[in-house]
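**Student:** This is what each chain is made of:
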Amino acid sequence: MEESHVIQVNYWKELHKELNQTIGKLRGLVLLTHNSVELEDVIDFLNKVRREEFLTLLYVSLINTYGYINDTLEKHPLHSKRVFVVDCVSRYISSDLRDTHKCIYRDPPRNLDEMKNLILEGIEFAKPDMIVVDSLSQFVNFSMPKDEDLRELYRFLSSLRDEVMGITLDTVILLYDDKLGVMKKLPTLFVDTILKLEVIRESPRWQE
Amino acid sequence: MARVMVVDDEPDLRNLVRLIMEKKGFEVETAEDGEEFLSKVDDFGPDLVLLDVMMPGPTTKEILEKLKEKKKRPKVVLLTVVRFSDEEKEKLMKIGGVVDYITKPFDLQKLTDTVSQHLGN
Numbered sequence: 001m002e003e004s005h006v007i008q009v010n011y012w013k014e015l016h017k018e019l020n021q022t023i024g025k026l027r028g029l030v031l032l033t034h035n036s037v038e039l040e041d042v043i044d045f046l047n048k049v050r051r052e053e054f055l056t057l058l059y060v061s062l063i064n065t066y067g068y069i070n071d072t073l074e075k076h077p078l079h080s081k082r083v084f085v086v087d088c089v090s091r092y093i094s095s096d097l098r099d100t101h102k103c104i105y106r107d108p109p110r111n112l113d114e115m116k117n118l119i120l121e122g123i124e125f126a127k128p129d130m131i132v133v134d135s136l137s138q139f140v141n142f143s144m145p146k147d148e149d150l151r152e153l154y155r156f157l158s159s160l161r162d163e164v165m166g167i168t169l170d171t172v173i174l175l176y177d178d179k180l181g182v183m184k185k186l187p188t189l190f191v192d193t194i195l196k197l198e199v200i201r202e203s204p205r206w207q208e
Numbered sequence: 209m210a211r212v213m214v215v216d217d218e219p220d221l222r223n224l225v226r227l228i229m230e231k232k233g234f235e236v237e238t239a240e241d242g243e244e245f246l247s248k249v250d251d252f253g254p255d256l257v258l259l260d261v262m263m264p265g266p267t268t269k270e271i272l273e274k275l276k277e278k279k280k281r282p283k284v285v286l287l288t289v290v291r292f293s294d295e296e297k298e299k300l301m302k303i304g305g306v307v308d309y310i311t312k313p314f315d316l317q318k319l320t321d322t323v324s325q326h327l328g329n
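Protein sequence lines, in the order shown, are assigned to chains A and B.
For the first sequence, this note's numbering assigns the number 1 to the initial residue and increments by one for each residue that follows.
For the second sequence, this note's numbering assigns the number 209 to the initial residue and increments by one for each residue that follows.
Treat the hints as calculated values from the structure; they're not laboratory data.
Incorrect hints may appear among the rest.
For lysine to aspartate or glutamate, the following EDC-like pairs were computed, each having C-alpha atoms within a straight-line distance of at most 16 Å [to be verified]:
#1 A:Lys-179 with B:Glu-298
#2 B:Lys-312 with A:Glu-114
#3 A:Lys-75 with B:Asp-294
#4 B:Lys-269 with A:Asp-96
Keep in mind that this is a model prediction, so the values were computed, not measured.
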């Protein structure tokens, strides 16, 4: 039997009592790992972030179309936040799309360098206080990390801090779908906060 | 024997779906993108196409419009990680051919059930 090696040890702190305070004041470079594919769960989370402030939010979407985001926001409004979108999926479906004052349509980034350029374009477009990137899972898999992907990720995270974040834009939230598997490598040194969003759904008992 | 075509740019997923469809008794052909699909579709003549939405090359709308011109028009099930609005779904439905959507990551049982349902097996 081959000897196994410890790759990483994570200590998790149960934060329920402090959670509202932590999320309520959330700033910096944040990795939000989650097990949900539902946008409404992300919206619920964002509603808890600095809810006393009126913020402009740029949502860079690699999964949800602008139409879907709009529909979801109508049912689950995002309070005290003005939302602009960079839609990187709709061009897969149709090429006749025109930018609006709330959304620009772009081709999906092929790597994290292109993602950074897309974010910089989005900043010109929306002048946001906060950016949400949905999602990092398209570029890196923390359960089967390749050295090359991790190096690219670390370079990307450093460039976000050096070239993207500033006095006004002080919060970047990177979503990561942890259903890809156990996260062996997390970029702990390169982000300010790592949060885990766990959504548990169950059918009502009467449906069984 | 019903014919199913699997169009996806992820080789692992494409091969997995191919194996499952073959095991179900379908005759299967694959393509790695929209261009390859359109070049093969006339010869193979599928009854149903499992079509990934996020692929390089022609857009989903362009592929569906090309299918509209075919004599034998297959049913299309879209495989996608993309979340669409109802209006966007309707627009694709209007072009024709699309009979269902399966959201990735999908349950293999759901995939076979959906294919069987639309092929009347």
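**Student:** Could you work out which earlier hints the structure fails to respect and list their numbers in ascending sequence?
**Tutor:** 1 and 2
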